[in-house]
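As given, the protein sequences belong to chains A and B, one line each in that order.
First residue of the first sequence: 1, per my numbering; consecutive thereafter.
First residue of the second sequence: 1001, per my numbering; consecutive thereafter.
Since the hints were derived computationally from the structure, they do not count as laboratory data.
Be aware that one or more of the hints could be misleading.
Claimed, not checked - Beta-carbon label-pair distances, calculated as ranges:
1. B:E1330 with A:E125: 17 to 27 Å
2. A:R288 with B:N1271: 48 to 58 Å
3. A:R409 with B:S1046: 52 to 62 Å
4. B:E1330 with A:D115: 30 to 40 Å
Think of the CB as a built atom: it goes at the ideal place given N, C-alpha and C, for glycine as much as any other residue.
Here are the chains, one letter per residue:
2 protein chains.
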Amino acid sequence: MDTTGNNANLEKFFNPSSVVVIGASNAAFNLGATICKTLKEDIAFSGDVFAVNRGGEDVHGAPGFKSVGDIGRPVDLAVILAPAAVVPGFVRDCGENGIRNIVIESSGFSEQGTDGRRLQAEIAEAARRHSMRIIGPNCLGILDNRNRFCCLYGANQLVQKTVQKPGTVSYVIQSGGVGGLVVERLMEDLPGVNKMVCIGNKSDVDESDFIDYFTTDNTEVIGLYLENVQRGNKLMAASLRCPKPILVYKSGVSEAGSAAALSHTAGMANNDAVFEGACRQAGLIRLRSPEELHALPKMFIDMPLLSGKRIAVFTNSGAFGSIGADLLAETPLAMARFTSRTRESLSRLPGVFNAGNPVDIGPALPEVYLQIYDILLSDPGVDGLLHVVGMWRDYVADVMSELVELCRRHRKPAALFCFNSMARVRTARAEKNLPLFNTLEEAVRALVVSHQQFHYLQKKEKKRGRAH
Amino acid sequence: MDTTGNNANLEKFFNPSSVVVIGASNAAFNLGATICKTLKEDIAFSGDVFAVNRGGEDVHGAPGFKSVGDIGRPVDLAVILAPAAVVPGFVRDCGENGIRNIVIESSGFSEQGTDGRRLQAEIAEAARRHSMRIIGPNCLGILDNRNRFCCLYGANQLVQKTVQKPGTVSYVIQSGGVGGLVVERLMEDLPGVNKMVCIGNKSDVDESDFIDYFTTDNTEVIGLYLENVQRGNKLMAASLRCPKPILVYKSGVSEAGSAAALSHTAGMANNDAVFEGACRQAGLIRLRSPEELHALPKMFIDMPLLSGKRIAVFTNSGAFGSIGADLLAETPLAMARFTSRTRESLSRLPGVFNAGNPVDIGPALPEVYLQIYDILLSDPGVDGLLHVVGMWRDYVADVMSELVELCRRHRKPAALFCFNSMARVRTARAEKNLPLFNTLEEAVRALVVSHQQFHYLQKKEKKRGRAH
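One chain only, chain A, in its complex shape (with noise of 0.2 Å):
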């Protein structure tokens, strides 16, 4: 597979330097307008915006035409916002055309029957006779914060904030109402979105694609959601490919979803084992829910994976040392056993109540705190930390820096939860950047996903030790 000559293809997708909204017009509640409004008044696109429409009419600034011929430019990308049934014209002029990638965001295809399967091939047929790779249909686009591209329609609110907060975490998603939840809940965040992609229909690109193209690009964790997978073969190529933690929630599950989902998007049901067994052989992290889809990432980014299941539990919080231990036995992982060495060394220090694990403190000053961190983090017998605190001085924000810091140096995470002063939190999130979780269950699961990309990442490294 030429993965390179794929990559270069899939580019323009992200990175245009000039586009042309095809539907876009003046009239009232028209989709491809908004396109137009975010790409020259919102986020100040770099590139060139064309409009095509019947009337040839300039729409929010980017100049119109009455066709794609007319623009008498090189226009890298398209993007399709008409009826259906005149999708397939607009294709075909922007093949003959040049134009190389296109989206396609009107709906109305093989989610809607027989004529809709029928328009359908009659895209896919104008894709091959030109060479052009399409995204959709039924679909809500792309959005690239570094680059500054965005053609999902109707989002300019969220697309003017989200562009100011670039970050490292990649999307491919299979639903627009799915995509909106996670480039909303990472704008309060740590990590923020690089590049999220709509699928839709997926007639030709479809996630390995973009699975390829985020494995080369400067994204660090890549986030999945999908409804159906067509190619299931292509889709463990691609994860077998990839380095970085992939995490993928896949709905349609039940027998409701998955006719929920048909209607959707189109995608026949999988079976759900068959599904489950490609994720462990291929290294894809599933999740439980969409909103772990934003609130696991942030463990990938600034720690070091979990190298092995024995966690110590640092709390100032009798309760929450309780409640995690009870949590962590839930899973996988383990309470590490300490040393006696660590035991008697957390027993002098002042203010600790409990030197066992779950370890207890009571008022303490910064230097304890870090001393403590140090003291865990140098056990051979732990592999991590479960982080439970309650910011009850600023300072808990400031040792909580130097935690990360600790915890790169000594290549074990800390999962850190804080259970009071949602607005202290909330600062420390984005003044100190610390990967901060909403709940005490997130930061558990956070340390689970962490410990199963170390154990994959090892796995296939054997495999490739024997190959050689």
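Please build the complex by placing chain B on the supplied structure of chain A, with the hints as guidance.
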């Protein structure tokens, strides 16, 4: 059991006309002083506040005395925050001076070994001799948002805000940290806190006494956080007497968790299977995480209980319809099968993509939303609604307000979740009192616990019928 008399005894914990804080002084980091400050400066408590300390000095405007006997006026409630060793003496002082309600917030009792257990026994003895009721020791204190009374230590900023928003959920919490989490999160949510009491080592008054108390006061929902249950039969009897929903999260389930709980609030671990059985029999709704303590109560306020298992999912996002169906499939609830009349009525409406369950609509006018609600709630095969919408227009909040009304009329509940526009969601909650859940999982769980409560009350009703 004299429930009335018992409750009368407890009333002064929440609504005292005078309070003395024993151990409050002007020394640096004095915890008792934070309580004087709360009462005198932060929340303008309407009763008298006194301080007892060695120098007899005034604290934050609370007149100071060298001993309780010097106050010279009747006092309803004493709050003690002094070293454990001197606490028994203060308790006897209180008894001899006619104080009948005492909150002991100091730690250093049975949670800390033999000496502590002896001190706690001394306190219990003094309490019996003078017929005093004691909360604690080793606890955070009491909050009553409606009476504007609070003796939580060190919680000034939090208390200032929470008294602005008195609600109808009352909590019994065996940990200050969990109490803080719940109070703080409910300030951004619908119902708000009515009363909260942190019971610590519960040497005298325990969770069962407060269940009885909250059964008869203005509380609508009761939340419990427990680390141990010392008197299981008493808890079951109190729960069986209470028709209000009682939500309980118990920690100390795992071996490590119960060891941690032991050093925190001194209770022996309980066999979890026994506790689970007791919950089932006595109708306690067991929670899966401490977060559910604040997330789920809103389902019981202004919403009818879910009388059956058949749920209609309504969405304007195909993806979330599918995810909602998947999440429901993991619960005891089921997807409703619509009557042909329902399907026909739905498919006649403009903008309806899918007239089956989940019902999926595109851009639609408010009237269409209202018609769909009425059609779904009128279907005899539908017991409740999972409402998963994107707030693509402001009027979505308005139609949800009307939905809450319709739910009451049809006596069927709806669990509301919006997957985008967090800012609009917060506004809708604050301005329109909408019970919006933070995640789809929470909304699904809310339907589950609503049905659990219905089922329990029905079972109890049947038993009563047979008994007569």
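> For the pair A:R409 and B:S1046, does the Cβ-Cβ distance stay inside 52 to 62 Å?
Replying inline: 55 Å, holds
>> Holds or violated: the 17 to 27 Å window for the beta-carbon distance between B:E1330 and A:E125?
In response: For B:E1330 and A:E125 the Cβ distance comes to about 42 Å; the hint is violated.
> Is 48 to 58 Å right for how far apart the beta carbons of A:R288 and B:N1271 are?
Replying inline: About 28 Å separates the Cβ atoms of A:R288 and B:N1271, which means 48 to 58 Å is violated.
>> Quick check on a hinted range of 30 to 40 Å for B:E1330 and A:D115, using CB atoms only.
In response: Because 36 Å falls inside the window, the suggested range holds.
When the structure is compared with the earlier hints, violations turn up for hints 1 and 2 and for no others.
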